[in-house]
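*Asks:* Letter by letter, the chains look like this.
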Amino acid sequence: MINTTVSLNRGTYKQPNIFGYYGNYGGAYIPEMLHRNVEELKARYLEIMYEPAFQQEFQDLLRDYVGRPTPLFYAKRLSEQYKTRIYLKREDLNHTGAHKINNAIGQVLLAQRLGKKRIIAETGAGQHGVATATVCALMGLECIVYMGIKDIERQAPNVARMKMLGATVVPAESGSQTLKDATNEAIRDWINNPENTHYIIGSVVGPHPYPDMVARFQSVISEETRKQLKEHTGSELPDYVMACVGGGSNAAGAFYHFLDELSVKLVAVEAAGHGVNSGMSAATTQLGKPGVLHGSKSLVMQTADGQVVEPHSISAGLDYPGIGPLHAHLFESGRGIFLSATDDEALEAAFELSKLEGIIPALETSHALAALKQMTFKPTDTVVICLSGRGDKDLATYMKSI
Amino acid sequence: MSRIKELFSKKASRVLNVYCTAGYPQLESTLTIMRALQSAGADIIELGMPYSDPLADGPVIQASGLHALENGMTIAVLFEQLRNFRSSFTPSVQGTPLEGDAGGDEAISIPVILMGYMNPVLQYGFEKFCADAAAVGIDGLILPDLPQHEFETEYGAIIKEYGLDFIFLVTPETSDARIKELDALSSGFLYAVSSSSTTGKDKDFGAVEAYLQKLQGLHLTNPVLVGFGIKDKQTFDAACRHANGAIIGTAYIKALEGAEDIKVATKAFLNGIV
Ligand SMILES: Cc1ncc(COP(=O)(O)O)c(C=O)c1O
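So the sequence lines, in the order shown, correspond to chains Z and V. So that you can map any letter, position 193 of the first sequence is 193 in the numbering used here, and since no number is skipped, the others follow by simple counting. So that you can map any letter, position 41 of the second sequence is 41 in the numbering used here, and since no number is skipped, the others follow by simple counting.
Worth flagging that the hints you see were computed from the coordinates, not collected in a lab. From the three backbone atoms N, C-alpha and C, an ideal C-beta is built for every residue, glycine too. Hints are all accurate, no fakes.
Using C-beta positions, here's what the derived DEER-type ranges look like:
1. Z/Ile18 - V/Lys10: 42 to 50 Å
2. V/Ala131 - Z/Gln81: 51 to 59 Å
3. V/Ala177 - Z/Ser401: 56 to 64 Å
4. Z/Gly115 - V/Asp261: 51 to 59 Å
5. Z/Gly115 - V/Gln148: 22 to 30 Å
6. V/Lys10 - Z/Asn277: 56 to 64 Å
7. V/Gln26 - Z/Tyr65: 54 to 62 Å
Looking at chain V on its own, in the form it has when it is part of the complex (with noise of 0.2 Å):
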């Protein structure tokens, strides 16, 4: 069982996935704010490769992926990062991390997600891209760009062959018939996008419930967690409302900006809404 069929097993509601941007906002605060999340209480990570074009992105995630450009990241530097995130090297007492700053390097156990878009991807070569996902030990891939023909045809094998889940992004613009489709060519969860936007915008979340209702109506068989314009506990609560948790971006990405300590900035950001 994949590591997200896992949680989900275990945990059914409320599923809370953040998204950061590797590699800002300094090249090195990958891990810092991984082990920030995971300490904090979030169940998944999604891992942003950042990219010079990001469609379907607003101007704090733009910025923030920009930012990290600037400090160096790329695909190649961020696998080097995550080469033994999934192993600790600290000192634990029977296997269970210390508390505290002493169990600061604990090793990362939560799924984590990477999300970016085709181009780099490509760049880097699709099936090596998928191959050292894997074994550094990624659990799943959402890449908002690689259309569904493409996947069925060409990629969607490669990313099966090493183990990894795709999730295909749902906006209420979507038709039934498309959702079903995605759904079954989805693993790990189906994202529904709450409206029609990049990221980062504010929408009225009124009109979000009546979409979500419908999707739990359609018996789909992913989990489904809600992303775009979940900032703080109550659009969190109202997404939990009708889906088994949401996804939080632009948001934590401005709770990192300027932020002194990582750890901290996570926590006080985290304990306002799980």
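Next up, chain Z with everything else stripped away, as it sits in the complex (with noise of 0.2 Å):
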């Protein structure tokens, strides 16, 4: 049974309670130094994001610029394939080719209105770093991007975009050097500039008020799925949500208007890597404990002693050590169910698609996709998966396997 009693004081599935927490996880872990940037957010977000002005150029901007709303496709082929009805929700045909903008551009316009003129964020596989580097060019903003060395050089495509979008691009040399570093990069960039600086993290995860504010930007998925459903099958209301995690943001805006629909099964994948007990993984929920990183408590892969491991993923972005505390708290509580692929499973996914429906999908999409195979469905049953990025970013590892 799916407990539903979430006291006020604890938060709801939706939103974190005033501290930011989703039951046992979230908060605000920060140092002093980032007190009055974060606590100037956490007064203010909500107030700019319903103001009918920002709201009306929010909307123009996902219409107009990023092409929203994103198509729910039938995937005839690949539901014959599982016999069942699968639905792909299209986030890859945002501008820039992920769900990644729909927050970056929500976050840029909050930062002109918090009066911010340098944008910081990091970036995993980049999806991120050129979404917000595309709309800072977009407002006329300086953006520095940092990301980890080792993804520096196995998402190139997605440096070169963001350099000639005009960003800088960081190498993030400390630690592991992927987008856990990149992070703490980005975070040591703020604190050292407080005042002109906007930090855009770019999944549901960091210091309170951040894990809710991305989850309400990327939300417009799941406020389409709704609508498009009652289209295609006369009911809102699907079996299954699946989406990858990495952070997960994705999956929160997936997930979000289902999160009270306690009918809707929600399914987080998360990256396995060569096996979940391989100690080559990035599977949090499975090898995470309760612990801090990047501002917020959740689940962490860590070692005995509390130092955060380096994760591994075939997929730059899910290669990350953490995930939002929405999702701890979906984990926890029973309300989401937690599967992982691998990344042998993840590329036989991403070229089963290519070739059932003639979409190349990023690699971190593959994972939600490579879980199929471990669902029982039933025929009738709808599944919504959500497409979070399309493939040419990844070119050349699927290469390597043609």
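Reconstruct the complex from the two isolated chains, following the hints.
*Replies:* As structure tokens, this is what we get:
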């Protein structure tokens, strides 16, 4: 049984309490140097986001610049393969090729209203970096993107795109040189530049209010899905929503308007790397313990001594040793079903979708697709998969397996 | 009275707190450094517990932490090293430790504070951490990513129960009202971060002066020590003009880098300052 009696002071699935907690996870574990900026965001994000003029500008940009609404596509041949009814929410068709731009636009508009002129971001796969660089170009803002050296190598096309868009890409050389360390460097930059800078976090991680703010900007995914499903099937509610989870922003957006619809099963798919127990994995809910990373309490992959470990995934966007506090709560409460897919399974799923539907998905997204094999569906089930991004950036990796 | 309070009751100005990373440069350096700091004239020792993701630290302290982790430092190892640091096993004459090398293993009597990040402490077990820290003779804690709300609702009571002081940070961006709140929650002293930065950044010290003067005017209950950017006599003197003392970290870690003799290097470094 799923426990639905979430008391007010523990937050609900959709909304954290005033201290930023979803159940046991969340909060704002930040050094004092960040307090003023985070406090200002906390005090103002809801008021700014729901201002009519903001909403107007946000919705216009989503429609005219990003190309929303993105289609909900009935994947006939994939459905036949899995003997059920599968719909793909086509976030890959967004401008810049992933869901990340929904959040980047929202946060840039917010930063402008906070009077910030300099934008910093971290990126793993480079999709969030590209999205942020794109919106900064559009708005004429300075943009600095931190990216792990390892990711700069494996996501070269996105590095080139960011540079072409006028952003400065700063290699993160510390620690494991991937997304975790890029995030550390971005936070350190913000500590050193508190006055003119806004930090656009790319996922539902970080100190409160980031997880809630990013989830709200991404919630357009499930808002549209409900309407589109109604047109396709006559019902707004699917039986399953599936999404890959790195930090968890595409999943948070795809789940958001279904969180309180308990008939809808929410399936989050993490990256198992070489296998959950191989020592080369990024399956945080399976391997993590409660801890504090990047300003919030959540599940964190760490040693017995509390040192954060280097995860592994073939996909740079899922190569992260933490998970957003909302997802830690969905996991702990049983509201979410957490699965994982290995590097090889993800690769196989990428080729399967390419051949069956003519869509080359991002490596991150391929993890969600790979989990189809682990599910047992009824022929009458409606399954929505968040197709979080397109695979162009991953061609070098895909070519190796052709 | 806590050891820190006692210190400030005797010495209200030019209090020097020196930061070092436990287990750096060698795993076994911790006690050698602490003894060297005490005999060279430090008033307080701030022992950093290394962490893989130290958000508030610049490259120098980050690197020392990484080095210490590679050396095998953990909280458990640190408490083991600290088990007897308050007592002396070496010959002494009527309770006074012998001078020079003969007194090399003297007990450490000055206040010692542990500085670190929440994650390793939570993993160790917060209450067990406080209990073990108090048991070995630690006086206070600095945990920069322990927020006020969680301190007030959950952790502060545990820290108090074990008689440890807890030191909050304030910055030039912290409002006066909040400075007063954090001062009221702190005990031992208040840590005034000199400018908005990670550790080890060189920033213009001129602007700091006005900020410290403002702090003086707030009539805080705790003494104030200034940290971040204090690296030599000049910056130490400047900090001490409007505060009870200062904290040196990055500059001392740099002085230890490649030092042949920790004692000599420490003495040389502090001689230039106190
Ligand atoms: C296409 C795509 N999907 C998913 C992710 C993972 O992020 P999140 O878990 O926040 O959706 C990324 C991150 O870079 C991405 O580029």
